[in-house]
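K.L.:
Spelled out from the first residue to the last, the chains are:
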Amino acid sequence: MPGGYAGKWLEVDLSKDKIEEVTYSDKILEQYFGGRGLAAKIAWDKVGDKWSEMDPLAPESPLMVYTGPMTAIYPGTRICVSGKSPVSMGTVGSTAATELANEMKSAGYDGVTFMGKADKPVYLLITDNSAELVDASHLWGLDGEKTLIKLNKEVTDELTKRKPNVGLWKDPGMIYIGPAGENLIRNAAVLAKICHAAGYGGYGSLMGSKNLKAVVAKGRGTLPVVDAPEATILLWKKTHEHLMARSAMRRQGTGYAGYAVGADTSSEPIRNWQEEWHDEKSFGGPMFETRFWVKKKWADFNCTTNCMKVSCIKTGPWKGDITDMPDYELQAYCGTNFGIFDPEANIHLSALADQLGHSGINGPNTAGFAVELHQRGILSDEDFGFKPKWGDVETFDKILRMMAYREGIGDVLAEGTYKAAFLIAKMKGKKPEELLKYAVHVKGIEVGAHGTRSDADYTHDISYAASVQGGDHTSVASDGYNDMSGAVFTDSAVFCNFTYYGVPQSLVFDFAKAITGFPMTLHGWRSVTGPRIVTLQKALLMMGGPGLKWEPIKDDDNPPRFYEPLPSGPYKGKTTDKAVVDQKLQAYFDTLGWDNRGIPTKETLKKLDLAFLEKSMAKLR
Amino acid sequence: MVKPIWISRDYDACSGCRRCELACSIHHEGWMWPEASRVRVFMPFPGLEVPHLCSQCQDYPCIESCKFDALSIDPDTDAVIVDREACTSCGLCITACPGTVPTLHPGDNKANICDLCGGEPKCVEVCVEAGYNALTIVHEEPNIHRKLYSRNPVDTARDLAVKMFGEKGLEVIE
Amino acid sequence: MMTPRGYAGKFLDIDLTNEKITNTTFPEKDLEQYFGGRGLAAKILWDRIGEKWREVDPLGPDNLFIALGGPMTGIYPGGRICISGKSPVSNGTVGSTASTEFAHELRTAGYDGVIVSGRAEKPVYIMVTEEGGEIKDASHLWGTMGEETIKLLNKEVTRVLDSKKEIGLWKEPGMIYVGPAGENMVRNACVMTKLCHAAGYGGYGSLMGSKNLKAIVAKGRGALPEVYAPEAVKLLWKRAHEHLIANDSFRRQGTGYGGWSTATSYSSEPVRNWQDEWHDERSFGGPMFETRFWVKKKWSDFNCTTNCMKVACVKSGKWKGAITDNPDYELQAYCGANFGVFDPAENIHLSALIDNLGHSGIGGANTMGFAAELYQRGILTEEDLGFKLEWGDAEAFDKIARLIAYREGIGDVLAEGTYRAALKLTEMKGVDCMPYAIHVKGIEIGAHGTRSDADFLAHDIGYAVNVQGGDHTSIVRDGYHELSGAVFADSAVYCSFARTPQELIFDYAKAITGYPLTIESWRRENGPRIVTLQKAFLLLGGPDVIWEPIKDDDNPERFYAPLPTGPFKGRTTDRKLVERRRLAYFETLGWDDRGIPTKETLNRLDLGYLEKSMTGLR
Amino acid sequence: MTSIWIVRDYENCSGCRRCELACSFHHEGWMWPEASRVRVFMPFPGVEVPHLCAQCDDYPCVESCPVDALSVDADTTAVIVDRDACTSCGACYRACPGTVPFLHPADNKATICDLCGGDPECVKVCKEAGYNCLRLVHEGMSPNRKLFSRNPIEVAKDLAVKMFGEKGEEVI
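Protein chains in written order, with the working numbering: chain C, 486 to 1106; chain F, 22 to 195; chain R, 32 to 649; chain U, 119 to 290.
Just so you know, these hints were derived from the structure itself, not from any lab.
All figures in this text were calculated on a predicted structure; none of them were measured in a lab.
There's no promise every hint is true.
Unchecked claim - Capping the alpha-carbon separation at 25 Å, the derived lysine-lysine pairs in DSS-like fashion look like this:
id: 1; chain 1: C; residue 1: Lys1039; chain 2: C; residue 2: Lys1100
id: 2; chain 1: R; residue 1: Lys51; chain 2: R; residue 2: Lys167
id: 3; chain 1: C; residue 1: Lys804; chain 2: C; residue 2: Lys631
id: 4; chain 1: C; residue 1: Lys922; chain 2: C; residue 2: Lys1034
id: 5; chain 1: C; residue 1: Lys911; chain 2: C; residue 2: Lys1039
id: 6; chain 1: C; residue 1: Lys648; chain 2: F; residue 2: Lys88
id: 7; chain 1: C; residue 1: Lys804; chain 2: U; residue 2: Lys275
id: 8; chain 1: C; residue 1: Lys1039; chain 2: C; residue 2: Lys1063
id: 9; chain 1: U; residue 1: Lys242; chain 2: R; residue 2: Lys269
id: 10; chain 1: R; residue 1: Lys265; chain 2: U; residue 2: Lys242
id: 11; chain 1: U; residue 1: Lys227; chain 2: R; residue 2: Lys195
id: 12; chain 1: R; residue 1: Lys351; chain 2: U; residue 2: Lys275
Excised from the complex, chain C in its bound form (with noise of 0.2 Å):
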């Protein structure tokens, strides 16, 4: 086993109540080393060219929770939760910060493949060498925090009575979901930690379908051996040297960034992204800080960047609201978004979708969406049973429990923007184009609160537009070459890319050469395992369905929405460039090898020891 894996992993049939133990050469491990390239391979091992037909809510569609020969080794803990996802119907590696990643290591697992459904609500144990379903029911519709304080009590005490001569037990790790996930909310997130969410691509509502609640791990044993330790050890020093010389990320987290987006970058979403421009400066960083931060270097496993502060409300209705900071997408999403420039509000409301187990960027996207709508006169006031406004805290904590618990025209809201506009159009009588243009998502994915239409933001043309993890803005396209060791490499190694920005690139490779012993290089990333991962799942991305099949170029694109000019702010009259989207999305296709219309050549396969693909590519070209 090379080093960094713990050397096995979980299957589980929830259906057959079957938990099994397998393990994977190291030819695929070398291949696709963890988390996001890992689970692709093995949804398509598990699915393969039935890919099409599958609903990714059906038993038979799997899920993986996988960590990756980094996690927990290299600085910022994470977990990467993957499948076929119910919003774009390709994969998504989707990660999020939490203990489980690190537990699940020490207790000597790598991952953990759900198949099937339960048939009543269950969650995972795992423990040294061991894992068990356990009955959930006691724990179903509740929300995240009453989840996680009773989980962690129970198991705790648990593992206490099994062992109880061993000195206290310290508290597990653990996923979960809240009511989103648990009905079906497409777009729902796999939450951890109260306030951290693997959101993009859905998989809360994909747990939810497998009746599985969360997944606790409690491991006693070291993290794995690695390749070459000693060297490891000296990287990791260096590694935080360079994490703690990053002050204003300590200093501020992306709390800071509400303000100075909206105001410096203009790329902010405002009102479902009529705008992109403000300068509220009730809404900056500092505001945040002295009245609501409790603790301003809060960090998760193995973390010194302290990008998180956590915050709680005093006072007033929303006393005992706690989350962190909001970070800046949920500052974003579930501020500006909504047109609410209150910092207390937007704590709540942050809160709130955590506590609901939203995804706090995409359901907010979808509840900006259906406002927008209401404000175009497609929804009335009698579909929301109230009238919707902007800036109004009530009508998002409304409309955020109606998705979740899927009332009235939450009901319809709860399948995701995308799929929203559908059956909106649908019920009002209009044709999709005329709600699609204020549906402002890629491929099914909710775009994150980062523009393109100012250019001035990291994000730019085919960032989403080309990205198969479609509006993940952890994840976006530059030029199929640099952006292949990015978020393609740590979604696979599995740690926070928080800890990779900062950090000279050539050091992260070593230490992952000096983890697993891969004779791995930079540049190899770039051209064959980067592109090995994104054009597997761009397969499946095109393969798609059912019911949804993306079109390819025409679906490679942006929302409508970003080629409206800016209505505001510094960058007034500035959009995006569709000339150079469409000539930067070719040399991108070129680049990863694939043909005009995106579709993988047979060469190319080849190339990347991909050729299992082939007959299905060969049926799209």
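Got chain C; can you put chains F, R and U on it based on the hints?
P.N.:
Then chains F, R and U, alone, in the frame of chain C:
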């Protein structure tokens, strides 16, 4: 000469990064092994992080309790030293400790207690380096307060919760 | 007159009866001999009252309320103000100090102190700026608790300043004030500052109340007074702070770790009105306060890096919203262990309540504990009180605190302070209540017992011969060493917790003032001069109480009973030792065997003016 | 030298005001809190707010000065006052979103933090005492700085709620 030292803990300042555990286990085990670390950061609710380690009670109830004389006090640092050969894994030290600090090592099942790394605790080094100062070294004579830090970390977290979250803090730990 | 270095150079003299405000100065000789604060206040009192001392009612218009800085105030770390006057509890004088921004604001406004005489017709406060003093109506402030007083005054004064001169933002003023307890002339009430700081010993809150004086606020914009050797002071300032910053345990624990350890280790903490001095209640340990309540762990006053203070706030439950410092050891003990209360939240609440009422967290709480013991012994009944006053019942102590502050029911008697209440209750109940009154010369004793002899502060004659009675901040050792300690600090006026080597402090003092002073000279001349003058006042006493030499130069009776529990069980203060050391103390100071200063001593100390009064006593 | 800025971490302020003393030592040669370019506001005990220039990226004070008495230091990006040119008109502190500048108690001229030319004394003493309430960072301009230029009483109100919970709403 090493003088008696003590590791002061400022719970509010702990980020939960758990580098202390990694540094401790790298020092003692040669590799990253959180559960074998002599300091463990309990985190019963997000934001409530409680580094849990030996607080060197003035009266060393753990040492008193050991029937096999496997525990002793390091004359230089005042740390509790475990004679792993003599230890029978009986767990008496764990029960005697008011904070249930010792654990049985996940590898050899022997009593596991902070030995202050012989006077230069690695956990403190990485914590100070990172600017948290949740763990810092104090040079002082043993005092009676130390015993009060030997407390169940979940109880400590309950107190911390109220300070951080106000009334909500009463609800976050079951 | 030349302005001595380290002094702003003038004092405000305010006659409230006639609403007359003048500037005054004192001869350089007085300043060199008495320095400031405690020493200078005593001299001013003698100059203005002198031989009429015995007849002057401390709560009458003839008494003076004096608030003085000293030459080191604001310049040496740990700025303080010293409050003095004829003490309503001891009938002598106490140099009662409190940390407050008021001290250096006063000095940067150009004044070293304020001397208030007479009595205002209606409630007033005094506002001091560089333009001088102003008497302002305080009717709207009268009756407000401390918290409210601070809020209203801050806002009001800032607005007044802004209307006088536009400079950008005015920073808030410094202030001293009284709460309801002071207003209602609860005899041992405090002069309060900054919510939870108090000049407690001496009962000067009632003195302010008796003058209808709610507060004095100051806002200065000048530099701190110039000094004799500025470069040396700058270096010494840095050096002093290095010492304070190195005081790690104070900075981490404040004195808030003392509530458990003083009792447990030293067995010298008042428990249930000193019936015990030992407890082992872990619930009351420092970490329990720290983890749950300390919302700011490094808190300090002007120019201080000791950070003995920690802001405590109760965030949940019945006492939600209670804010105080630490509580520091004294209030932890007196508003906690002394009430049989061992719950940190309750202790914080009771400390904050007493502060807010403007009562003394030591003196007032001592009286409350005294009442509870009388209840325990059946001397005071539920009928007397209106409720049960059981040990450990925080609600009950909350009630009794309010009764006293507002002089309601039995509170009216207890408002006279422990000693006078004991006299009155003995009479009322026909039972001797004196054995339960833990005071020395009317001043309730600080939270450090002498019986175990293990406390770091108080031993045998620590209180017995102290000219400030039970004041634990001015403990007596031998009539020599301590004179360069508290007597100096209270006169130079800085905080004794700003601990640096004594040599450094005296170099600092010399660099500020230019006076040729030494530690030795303070121990042999300045200190004895001040203490002897205070002793004379104390001996003169009156009008209601006159202390009897020797008999009253003693510990409370309880300090001679054996400790009933703990590691020092059975141990007690050695009466023989007290007698022997008392005589030695008198001798060292040049007082006769009854503690009355001899003529030679008075002459030697340049206190010839006292001779006439002392002759009458010998 | 790169542009520098003084971070303020309000919770960490002890209220010791050594920053004021160090500042006035440096600029005035003696202890003079009211002449200090940093002033610690403390509207309620425990709630201490160091108040000093935040170097807004658009420098409204510099813009506002009718006599060009204010300028931006090319090295540190601090605001520099030309005391000869200053007419004490008060335009700068009125233009400042946090009313940070003030008229010096002696010469009545606009007084603003000049970062001590790059090595601020306030930061040194604060750090030395282990508070790290004021810290120096070397980084580019940020629009967020302007948000630190805020009335200290307003800041204190927020801080009070964080520290004291509901009680914090009542104390200022």
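K.L.:
Hint by hint, where does the structure go against what was stated? Just the numbers, ascending.
P.N.:
none
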